[in-house]
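K.L.:
Sequence:
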Amino acid sequence: MNREASEDENDINEPSYFCYKAYLKTAGYAIFILYSMIGIKRLYDHINQLMIMDQCISCRLYEEQTAGVIY
3 MNREASEDEN
13 DINEPSYFCY
23 KAYLKTAGYA
33 IFILYSMIGI
43 KRLYDHINQL
53 MIMDQCISCR
63 LYEEQTAGVI
73 Y
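Following our numbering, the numbering of the sequence shown begins with 3 at its first residue and continues without gaps.
Just so you know, these hints were derived from the structure itself, not from any lab.
A couple of the hints might just be wrong.
[Said to hold, decoys possible] Just the calculated beta-carbon pair ranges, DEER-fashion:
no.	residue 1	residue 2	range
1	L26	D47	27 to 35 Å
2	Q51	S18	33 to 41 Å
3	K43	F20	29 to 37 Å
4	L52	A24	27 to 35 Å
Even for Gly, the Cβ is constructed at its ideal location relative to N, Cα and C.
Make the full structure from the sequences, and use the hints.
P.N.:
Here it is as structure tokens:
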């Protein structure tokens, strides 16, 4: 009887497969959110850079010169 009780206690103390699966899912979601935040920040930086170039006259002149060299 004690042997059966100790086997049941071991089952309770050991984490199950589903517990590990939940941890992996949570880590996956965290990585996804982190990469999404980094991607949104990069897009925001690019948009800001383009808006600054549209407002700045010297930037437009530089852009026209470089475009002429490329094309």
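K.L.:
Next step is simple, just say for each hint if it's right about the structure.
P.N.:
Going through the hints against the structure:
no. : hint                  : verdict
1   : L26 x D47: 27 to 35 Å : 32 Å, holds
2   : Q51 x S18: 33 to 41 Å : 50 Å, violated
3   : K43 x F20: 29 to 37 Å : 35 Å, holds
4   : L52 x A24: 27 to 35 Å : 42 Å, violated
Hints 2 and 4 from the list above are not met by this structure, while the remaining hints are.
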